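Protein sequence lines, in the order shown, are assigned to chains A and B. Under this note's numbering, the first residue of the first sequence is numbered 565, with each subsequent residue one higher. Under this note's numbering, the first residue of the second sequence is numbered 48, with each subsequent residue one higher.
Don't read these hints as lab results, they were simulated from the structure. Among the hints, a few may not be true.
List time: in silico SDA-like cross-link candidates among lysine to any residue, alpha-carbon distance up to 20 Å [claimed, not checked]:
1) B:K212 - B:A164
2) B:K441 - A:D638
3) B:K229 - B:V311
4) B:K441 - A:E785
5) A:K577 - A:D629
6) A:K577 - A:G637
7) A:K577 - B:K168
8) B:K212 - B:F266
9) A:K648 - A:N678
10) A:K594 - A:D629
11) A:K648 - A:E753
12) B:K441 - A:D639
13) B:K103 - B:Q91
14) A:K594 - A:D763
15) B:K103 - B:V317
16) A:K648 - B:Q372
17) B:K168 - B:Q180
18) B:K103 - B:V311
19) B:K318 - B:A334
20) B:K212 - B:W158
21) A:K648 - B:A448
22) B:K441 - A:S609
23) A:K577 - B:Q155
24) B:K103 - B:N280
Owing to the predicted nature of the structure, the values given are computational and were not obtained by experimental measurement.
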Amino acid sequence: MIEVENLTKQYAKGAVVTVVLAGVSFRVAKGEFVAIMGASGAGKSTLMNILGGLDTPTSGTYRLDGLDLARAGDDELSRVRNTKIGFVFQQFYLLDRIDAVTNVMLPFIYADGNADGAALAGKALAAVGLGGRARHRPSELSGGEQQRVAIARALVTDPVLLLADEPTGNLDTRNGLEVLAIFQRLHREGRTLIVVTHDRAVADHASRLIVLNDGRVSADEPVAQPRDAEAGLRRLEAEAAAGGPA
Amino acid sequence: MTRTLRLFRQAIAALLSNPLRSFLMMIGIVIGVASLTTVICIAQGTRARIMEMVAKQGWDLIMIRAGGAKQVFAPTTDRTIASLVEADEQAIENSVGNIRYISSVQNQRGWEVINGATSVKTRIFGVGPTWHQIRRRPVEKGEFIAEGDLVNMARVAVLGFRTAKLLFGGTDPVGQTIRIGKDAFQVKGVFAEAGITPGGDDWDDRIVLPLTTTARRLFGRPYLEQIVVQVRNPRALPRTVDEITKLLRERHAIRPGAEDDFFVRGPQDVKEAALATSSTLTTLLIALSAIALVAGGVVIMNLMLISVSQRAREIGLRRTAGARQRDILVQFLFEALAVTLAGGFLGAAAGVIAATLLARTGVATSALTWLPFAMSIVACSVVALGFGLYPARKASRVDPAVALRK
């Protein structure tokens, strides 16, 4: 479903050329849950921007769902972002002045049809357990709830790929586990997910781990025994019932 | 709902979410359009009044004034320019075609007119028997000066409406006697009320006598202030003006290249001169309004540029949700357009109110037409697109990868 072949990205600033990606290749099949890790400066963000259709590579190929996006223009990339990719960010990025359901409806502004997506947005919110919070503004929601609204927004157009950038970075352990539990449920339902993170504990919830080092793939292997976020949550609750960890 | 409509709604929502910024964006436009609208309303009102004035005087009226100075309205002082005489009137009548009526005119201010114990100071006119038809001054009571009165240098007078009121109060002046200088005059008629002309001439405050009487009995001079002509065919009026000019130059022995010692003008000249005066001022005021609009546009551009950098994350987020560069461009242009058009609407309303109030107080005349609204819409669109395009392009080029970087 995703084919990345010898992808490079360089930035030229005057005579100085910075190589950020130096030939990255991998494939992701439909339904995989992949974590991409790497130290800062390893090229994670650039790779994520290219995978998300926010940037184009200097050379190499990138195919998503049969479309060659390495040379695509703004219109085609925008359409792909609108219909095939759902984004989840560390900082949620909800619009403050509108309520949760309207935030979730955002992609429909830029869709081709004439639907406003209200019904789909309601369903997407219910799927992340926020059906009762549709009319709340982001400022009236907790961080974990805000991130779940953002996940609903990413899923509302039924994209082929969910792309998350440090999705638990701004959340406490419990809320982070809740987000990961949603991701694992989506994975079981057959959704393709890519999570970019520097946190090994987060990556351990995926089924495959790609490690970037200096703009290259230094490791690409299945996660032997993915952690179960639901089990983590239950353990947390048990600890809370026992009066917190000693 | 189409994508364009959805983008428009996003623009409106963005404006409503920051009312202070939207208000600041609007205020320059409101002021500019308000002054533009006021100026146009008043200019249109003035224009309408000029046309009305010319129509009232008649499109068939030619005025020949003594002296070469070009004066549009009635002269403010009596002049003793000895260039026009009664013989000129005779010559014009005999050799120029297209003339229905012609009358010589003399006048002098400051004559004392007495009825018993009452006296008024007024302006005396000496005219021919068709003058009231040429100048369209109907006689309400009694009758106008006749041909025979001129032959006899008759001591008869036709009174202006207010002069008659002042001298006779409620009683009918016709047939009564008044004194002008040493002589007693019989009142032959009273003019209908006419009011004050746009030139400041009070048509109700005067006495009209036979020309021969003023020339020989009162003023003691043959020279005329004016000759007035009513043409048969107004369309041929310019040619008639040329013929009169040519004839008078010959009669006054003016060499080729030398200036006329008289001034002939038709209704077109009155209209054009009056419009030129008002349009100079209008042009100036419109230019000032345009400056206000440009200032408003600069304010809009600045506030939009600030807004673009403040909203970079929002723009980035919209891009990840599938907004194309041109969707962002269109939304920001819609914001500029909506703000200026709203400002333009408020400004136009304020301008119409201001013009109406000015007209009420009598400072100016105002007319309400579609023109200021059409001009406001055009001006606002130009300002919005002109000053909104740069910030909107800047917004569309926000790199989402940079804007959303942690």
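Cross-check of the supplied hints:
| no. | hint | verdict |
| --- | --- | --- |
| 1 | B:K212 - B:A164 | holds (14 Å) |
| 2 | B:K441 - A:D638 | holds (16 Å) |
| 3 | B:K229 - B:V311 | violated (36 Å) |
| 4 | B:K441 - A:E785 | violated (43 Å) |
| 5 | A:K577 - A:D629 | violated (34 Å) |
| 6 | A:K577 - A:G637 | violated (23 Å) |
| 7 | A:K577 - B:K168 | violated (93 Å) |
| 8 | B:K212 - B:F266 | violated (25 Å) |
| 9 | A:K648 - A:N678 | holds (18 Å) |
| 10 | A:K594 - A:D629 | holds (9 Å) |
| 11 | A:K648 - A:E753 | holds (17 Å) |
| 12 | B:K441 - A:D639 | holds (18 Å) |
| 13 | B:K103 - B:Q91 | holds (18 Å) |
| 14 | A:K594 - A:D763 | violated (24 Å) |
| 15 | B:K103 - B:V317 | holds (12 Å) |
| 16 | A:K648 - B:Q372 | holds (18 Å) |
| 17 | B:K168 - B:Q180 | violated (26 Å) |
| 18 | B:K103 - B:V311 | holds (19 Å) |
| 19 | B:K318 - B:A334 | violated (24 Å) |
| 20 | B:K212 - B:W158 | holds (17 Å) |
| 21 | A:K648 - B:A448 | holds (18 Å) |
| 22 | B:K441 - A:S609 | violated (24 Å) |
| 23 | A:K577 - B:Q155 | violated (90 Å) |
| 24 | B:K103 - B:N280 | holds (17 Å) |
In this structure, the hints that do not hold are numbers 3, 4, 5, 6, 7, 8, 14, 17, 19, 22 and 23, in rising order.
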